[in-house]
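> Sequence:
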Amino acid sequence: MLKASFWHRLQNYPWMILSAVWIIATLININKAFHIDDTFHLEAAEWIQHNPLRPMSGYINWVDTDEPIHHFNQPPLYFYLIASVGALFGYNEIALHLLQSVFILISIVFFYKLAKLFNKEFALSASILLALGPGFLVNQNLMTDIPILSISVMFMYYIIKADKADAFKNLFIAALILSGGLLIKYTLLPLVIILIYKVWQQKKIRVALVLLLPVFTIAFWSLTNYLEYGGSHILGRPKNTFTPDLLLNNSVSFLLTLGAIVPFTLIFCDHFLKSSSRYTIVRVCFGIVTCVVIVYLLVYGIPLKAPFYSLFWVAFFTNGLMLIIFPYILLRRTTLTPTMKLIVLWFVGLIGFIVLFAPFMATRHSLLILPPLLIIIAYTIEQISTKAIVFSISFTILLGILLSISDWQYANFYRASAPVVIKKIPSSAKVWTVGHWGWQWYSKKAGMEFYDSEKSKPEVGDYFVVPKRVYQQKIEANMKFSKVDEIICAQNMWNSLTTAHYARFYHTYPQFIPWFVSLTPVDSIIIYKIIE
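Note that the sequence shown ends on residue 539 in our numbering; no numbers are left out.
Derived by calculation from the structure, the hints in this document are not laboratory data.
Note that the Cβ used here is the ideal one computed from N, Cα and C, for glycine as well.
Do not rely on the hints blindly, as some may be mistaken.
To be verified - Derived DSS-like pairs (lysine-lysine); straight-line CA-CA distance at most 27 Å:
(1) LYS475 <-> LYS462
(2) LYS394 <-> LYS281
(3) LYS123 <-> LYS171
Stated by the list, open to error - Pairwise CB distance ranges (calculated):
(4) VAL355 <-> GLN209: 18 to 26 Å
(5) PRO426 <-> ASN80: 30 to 38 Å
(6) GLN208 <-> ARG340: 18 to 26 Å
(7) GLN518 <-> ASN19: 45 to 53 Å
(8) GLN209 <-> GLN518: 41 to 49 Å
(9) LEU230 <-> PHE293: 54 to 62 Å
When you get a sec, could you build the whole thing from the sequences and use the hints?
Now the structure itself:
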């Protein structure tokens, strides 16, 4: 663990420390195999490279059969960036992860600058807690979450800076950044409310003109949609059906994901215990314990889940609950400035949007909550215990590195296995495969035919390759197989802290926690031959 005196000396070299943080984050991701939703982005980018004026008209098999890109959630600006790099350097891991590294750098630098506006002493610690935690390190990949995190942090920096310098200039920059971000992912829509609120605070008609930027961006984007395929992407995207079950499931899943990636709750706990009466402490602890017990029983019922797994579930849910309750308590004790009200709106707005509108919960969604959460710490806790900071940073880095190594191995299994599979099958045979995520990319590159549930017609004598724990297409029921071979990703000391087993770190349910300790194989790929 870092010693407090050594940590104080390091604080004198913030840009050196931040550079080291950026390099560490980049190196962890630089040659990581394409993973989870990376494949969708890559296939969309390949389409855009050859059809730049029809970005939403390409077809991707991401469920059972080929569907047009406009059936899925994301607008294509980030896909254009991937296509640009891919056209110049090829669609390889290093080149494309260097593109992601640019957004990593933006996230770190602008978050540090933003945090300094609220607490200069805590800004460096906050930046490390953000960038070297498991939520950030594991979720880099090639997905949109780090880019939209960097955009949201940049946006908030210029929003806050508008109080200190040229309001119109800074709000114009913020609106421009937001407009670009909305063409990467609609999760940034709550920031439009912040922009409107900030403009209202200024009470100047000239400043209000900046609101036209995101309005015109969405209007122009929708117009291009109608010209391309006759609909609006933002209005036609898949929607949740709001029910009590949806709200409960998404809320529980959100708290589990948040609790699983935030090891710095000790800072809140330390301050709460020192600043609260015994009566308040008992009352809050009783409320947390009661809530945890009730929700656990709602999720699992009786008999209870296995004790070891339950321990992780209780730890994650309790931690997530505390990360909502403690900020609420501390903010109620504090007089909020107009600037801090914007941070609270950022925090609450993103939580509400994610819980209500995200198609599922994942740690990468909860990652977006961490910047405002850390700034709430910076604002509400004037004297943060050095021991609590040092312990939190040490634990955060340790957990971030261990889970990153585990996830790196998880992703690499599919990259390494695709050519091995091909070598085990006669070169004259036709090879079919199912399974999305990174396997979809690497199996296609290895020459396997990607199975389409509605169109493909495998024949007797063909080979069929199936990863056991990957989301995959439905296979025709009347086909019969004979097992030929199996490739296993065995458990080892580096992947025991697992993010795998149906990509739990990337897709969490109330019964399905983001990570835990496992002694079973990560996955296996089975080679079959069609016999009937």
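> Confirm or reject each hint.
Here is what the structure says about each hint:
no. : hint                          : verdict
1   : LYS475 <-> LYS462             : holds, 22 Å
2   : LYS394 <-> LYS281             : holds, 14 Å
3   : LYS123 <-> LYS171             : holds, 13 Å
4   : VAL355 <-> GLN209: 18 to 26 Å : holds, 22 Å
5   : PRO426 <-> ASN80: 30 to 38 Å  : holds, 32 Å
6   : GLN208 <-> ARG340: 18 to 26 Å : holds, 24 Å
7   : GLN518 <-> ASN19: 45 to 53 Å  : holds, 48 Å
8   : GLN209 <-> GLN518: 41 to 49 Å : holds, 47 Å
9   : LEU230 <-> PHE293: 54 to 62 Å : holds, 56 Å
In summary, this structure violates none of the numbered hints.
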